[in-house]
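Number of protein chains: 2
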Amino acid sequence: MSTTAIETTTFRCIEWADETVKLIDQTRLPTEEVWLELHDYRDVIEAIKSLRVRGAPAIGVAGAYALVLAAQEFVNEPDFTHRLSISADEIADARPTGANLAWAIRRMTALVQSIDSPKQVIEKLTAESLLIQREDEEANRRIGQFGADLLSNGSSVLTHCNTGALATGGYGTAFGVIHTAWSQGKVKHVYATETRPLLQGARLTAWELVRAGIDTTLLPDSAAGMIMCQGIIHAVITGADRIAANGDTANKIGTYTLAVLAKEQGIPFYIAAPTTTIDMSLPSGEQIVIEQRNPDEVTHLRGSRIAAAGVSVYNAAFDVTPAELIAGIITERGVSKKPHTKSLKTLMERADG
Amino acid sequence: MSTTAIETTTFRCIEWADETVKLIDQTRLPTEEVWLELHDYRDVIEAIKSLRVRGAPAIGVAGAYALVLAAQEFVNEPDFTHRLSISADEIADARPTGANLAWAIRRMTALVQSIDSPKQVIEKLTAESLLIQREDEEANRRIGQFGADLLSNGSSVLTHCNTGALATGGYGTAFGVIHTAWSQGKVKHVYATETRPLLQGARLTAWELVRAGIDTTLLPDSAAGMIMCQGIIHAVITGADRIAANGDTANKIGTYTLAVLAKEQGIPFYIAAPTTTIDMSLPSGEQIVIEQRNPDEVTHLRGSRIAAAGVSVYNAAFDVTPAELIAGIITERGVSKKPHTKSLKTLMERADG
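Note that the protein sequences, when read in sequence, are chains X and A. Read left to right, the first sequence gives residues 1 to 353 (this note's numbering). Read left to right, the second sequence gives residues 1 to 353 (this note's numbering).
It is worth saying that the hints were derived from the structure and are not from the lab. Incorrect hints may have been included.
Same chains, same label: a pair holds when it works inside one copy or across any pair of copies.
Stated by the list, open to error - Simulated pairs of lysine-lysine, DSS-like, Cα-Cα distance not exceeding 27 Å:
#1 K22 <-> K342
#2 K263 <-> K345
#3 K342 <-> K49
#4 K22 <-> K345
#5 K119 <-> K337
#6 K49 <-> K263
#7 K49 <-> K22
#8 K337 <-> K263
#9 K263 <-> K338
In this text the structure is predicted, and so the values were computed from the model without any measurement.
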């Protein structure tokens, strides 16, 4: 299977090629496009932890490829299966909040059977990891269509963080909806929050939107309320890192705020995510572990201090938006509507078309 | 009158001394404490426009001192009064949204009588500008007490932007409430938003809070929703740049968002501002002119690009919080409660104690 045959026209942030993981270093964007070639699964873990690759679905793909690298490394070890299992746990632990990483590692490790030779395992894992990326991109194209169907002609939408090709196996989730709806003339303008502290909106989403030729306005996170007051936003669409069985959704810090503002202004608030982001083992958002990140992300920018010395910092990477604030959860199997507990259950039980 | 005799123990961001305006360059904080000595009123206008001095009450004080500099410059001109009047208009136009600048210039120019000699005008204006600063600081101390009375023991409060000595004639508005309540043991912890794009919270409020020994946590603006979800915030208190007769309040972009989040979480939201910030000539917030600032403030930080090239930017300096979201407007004459139209009218008609 060729790694580039599926969609040569679409930008991807991560590729499996020549038995290595190639990924664009997102911490260097938008000023530099630096591609990394990673041969060691530990380097992929580092890339995930330091956000060189980020976005729950893209992390899932990266984790899958990392496991192939681990299998390659241990191919001649007598305790191959044991060492592979340990590396699988290490990879799955790289970031706790996103659902797709643990899901991808579970899917990969479930393939390993005791009768397989290490080489057979490598073949299986390689094929499966490529399939995970391809399926994610295909799911996003379906999400794009389901999402576009929810929008009226001439809509302006507000989005948060980055959910494009940089965040996924390809095409994007909320970004995919915007892209599909733009190509159909349904979206006429996009408002993108800059998404502090790591500025994924300013650095990555704006970069992808400008690349795609989509009319875009960037705003500080704090300006979302003012923009939404003006009656010019017709929908808010974000991605998700983990969705509980009742529809409560963990996503980039600030998502909950946008959902509350949308409620106040009577604007529909949508989540766009593949079903791999849905964690039916969690009854509600209360069980979602929220990752706390380094205070330096808030107090420093590119190594330079921007906050007063001596101050404590709150730097949760995610927040949880209650299901009742979410008008629809757009998946590749259709759109979950309120009450989400029932609707998500139906979606998850439905065989994928 | 000595410029430092009133409150030698209190930090002030601006002083009139030796016939010049001395002010701390707030664009250099927190990494550098640089004091500027300005001899030309045009330099004060530049300092206001470029936010070397900012905060509606501090801008009012700076504008008053600027007018004294103009009077000094034109003292020997035959058309002294005319030139002073033109410079007064230039100063008043330096920033459009804050109420205090126009108020201070009106108060100053109202003193100028046709029978006065230029030297008499300078004497009057000098005395009046010093009085404006002293009165503002004294008003803030009363605001601090009225505000502290609203808080329960052991409160944690969330604040936005900078409202301390750096934003006012001295002591601070919302910051003054926090300072008084902290000294009384009523506030046990302060959460300060970083306040993008210009990071007044991270740079200035955190600097003042750390200086004052007040336990503080800094957070990205987008994290306010998550913090308020956790049941640990007992009040939100911000300053104001202009308050309309019905209580609608223009303040730093992001204030409206905090007010909506507070409503969602049942947390009281307060504005703290001297009555000089209240503009009874405006029936509501709809008439408030909102200043749009340079896109570079969002796309660049310290001269370095942080956003993708080619993207448009929305950079309103302020938003307007509707009066119905404001539990109380804390002034030096007491606290306006809902309905604010009636309560503000009563406050404004009350002779100052």
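Structure-based check of all given hints:
With identical chains, the CA atoms of K22 and K342 are never at most 27 Å apart, being 40 Å at best within one copy and 66 Å at best between copies. Taking the shortest Cα distances, K263 and K345 sit within 27 Å of each other inside one copy (25 Å), while across copies they are farther apart (32 Å). Taking the shortest alpha-carbon separations for K342 and K49, neither the intra-copy value of 35 Å nor the inter-copy value of 55 Å comes in at or below 27 Å. Proximity of K22 and K345 under a CA criterion of 27 Å is satisfied in neither setting, with 36 Å inside one chain copy and 66 Å between copies.
Within a single copy, K119 and K337 get their C-alpha atoms no closer than 45 Å, and across copies no closer than 74 Å, so neither meets the 27 Å cut-off. For the homomeric pair K49 and K263, neither the shortest alpha-carbon distance inside one copy (34 Å) nor that between copies (36 Å) is at most 27 Å. Proximity of K49 and K22 under a CA criterion of 27 Å is satisfied intra-copy only: 16 Å inside one chain copy versus 47 Å between copies. In the homo-oligomer, the alpha carbons of K337 and K263 lie at most 27 Å apart both inside one protomer (16 Å) and across protomers (25 Å), since each shortest distance falls under that limit.
Taking CA atoms no more than 27 Å apart as the test, K263 paired with K338 passes in both settings, with 14 Å inside one copy and 23 Å between copies.
Of the numbered hints given earlier, the model fails hints 1, 3, 4, 5 and 6; all others are met.
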